[in-house]
Amino acid sequence: MTTDETESAGSTMIPGLAAIGLFIVMAVAFVQASFGEPVLFPEGESIVAHIGYALFDLQNDMGTIASEGFLAAFLIIAIGLDVAVDSAIFLAKREEGGSIVSAIADGGWESPADAPDATADTQPLSDGGDK
Amino acid sequence: MVPPEYYLLLSAAVFCIGLFGVLTRKNALYFLMSVELMLNAANINLIAFSLFWGNMTGQTFALFVIALAAAEVAIGIGIILVLYRNFGTVSVTDATTMRW
Amino acid sequence: MVYETIAFALFALITLGFSLGVVLAKDVFHASLLLGGALLSVAVHYVMLQAEFLAAMQILVYVGGVLILITFAVMLTRTDPEVSNV
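Chains as they are written, first to last, in our numbering: chain A, 7 to 137; chain B, 173 to 272; chain C, 16 to 101.
Simulated from the structure, these hints should not be mistaken for lab results. You may find that some hints are simply not true.
Claimed, not checked - Straight line, CA to CA, 25 Å or less: simulated SDA-like cross-link-like pairs of lysine to any residue:
hint : chain 1 : residue 1 : chain 2 : residue 2
1    : C       : 41        : B       : 207
2    : C       : 41        : A       : 23
3    : C       : 41        : B       : 266
4    : C       : 41        : C       : 83
5    : B       : 198       : C       : 35
6    : B       : 198       : C       : 83
7    : A       : 99        : C       : 87
8    : B       : 198       : C       : 82
9    : A       : 99        : B       : 203
10   : C       : 41        : C       : 51
11   : C       : 41        : B       : 195
12   : B       : 198       : B       : 210
13   : A       : 99        : B       : 244
14   : C       : 41        : A       : 29
15   : B       : 198       : A       : 23
16   : B       : 198       : A       : 21
17   : C       : 41        : B       : 185
18   : C       : 41        : C       : 93
19   : C       : 41        : B       : 251
20   : C       : 41        : A       : 24
21   : B       : 198       : B       : 243
22   : C       : 41        : B       : 254
23   : B       : 198       : A       : 29
With these hints in hand, go ahead and build the complete structure from the sequences.
Below is the structure:
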């Protein structure tokens, strides 16, 4: 299995202190904040149904829980997910020949002989572009 | 419900853990997992305040965040596999050229 | 109310423990498994916040999709221990 490089203690010290410092700053801000009385959802209302109303801008007609309309965001994200699918396929595809699934099946190596064994050092392959 | 300050503290802690992972690790796979943690921290906040204010906007937005996180991981995995194919490593410090 | 707080504290501890395990684990495969635990405990928080649908989506999309993808990539990009343990 892949193991990460073992960092020295000095390389994790500064990021650790930075993360803890950020947490302390946020914690101080949150503890001092006051939020008033909770409103909560009304009893007997279907939460799932209201998510649907909010997704398709129906809450003015059918819902009782306040919400914004998300129909435009829904359509934009639908296009965004299509772009994600296309780019994932583009990344997985080989340039010359080869099917899309071959990159998944062989772990990225052209053939089993190309895969690095225990003795040889890892030689970068250059089948992904023109060298 | 539990006071929202508790959820804010939990979410800040998870976010800082994810930030620590992004800052210290060199393996690109750890990057992906740490970004997932940070997105989950944001989702906890959204859903906690959705209940607190009795407003559905938070839950609906969290649904969008989940969908986009899934797409982001799919793209990230594709990039990591191409990185491994071309450089023979998944360390983000080794890939320093824009072409090969 | 007090039981709710106890449950929250318990699952918050579980979430933080799994999250720390993700960033501190030496092995990427262990880290991905710990990430699954963290995502599941976040789903429990969603249930406590009356977001049952989002909890189901969290488990379906994250644990069922994202985690499988990451585990897939971990296995596809493995390197030899002699090379990586430097």
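Right, here's what the structure says about each hint:
no.: 1; hint: C:41 with B:207; in the structure: 18 Å, holds
no.: 2; hint: C:41 with A:23; in the structure: 20 Å, holds
no.: 3; hint: C:41 with B:266; in the structure: 19 Å, holds
no.: 4; hint: C:41 with C:83; in the structure: 20 Å, holds
no.: 5; hint: B:198 with C:35; in the structure: 17 Å, holds
no.: 6; hint: B:198 with C:83; in the structure: 22 Å, holds
no.: 7; hint: A:99 with C:87; in the structure: 17 Å, holds
no.: 8; hint: B:198 with C:82; in the structure: 20 Å, holds
no.: 9; hint: A:99 with B:203; in the structure: 24 Å, holds
no.: 10; hint: C:41 with C:51; in the structure: 16 Å, holds
no.: 11; hint: C:41 with B:195; in the structure: 15 Å, holds
no.: 12; hint: B:198 with B:210; in the structure: 17 Å, holds
no.: 13; hint: A:99 with B:244; in the structure: 18 Å, holds
no.: 14; hint: C:41 with A:29; in the structure: 24 Å, holds
no.: 15; hint: B:198 with A:23; in the structure: 18 Å, holds
no.: 16; hint: B:198 with A:21; in the structure: 13 Å, holds
no.: 17; hint: C:41 with B:185; in the structure: 21 Å, holds
no.: 18; hint: C:41 with C:93; in the structure: 14 Å, holds
no.: 19; hint: C:41 with B:251; in the structure: 22 Å, holds
no.: 20; hint: C:41 with A:24; in the structure: 21 Å, holds
no.: 21; hint: B:198 with B:243; in the structure: 22 Å, holds
no.: 22; hint: C:41 with B:254; in the structure: 23 Å, holds
no.: 23; hint: B:198 with A:29; in the structure: 23 Å, holds
In summary, the structure agrees with every hint in the numbered list given earlier.
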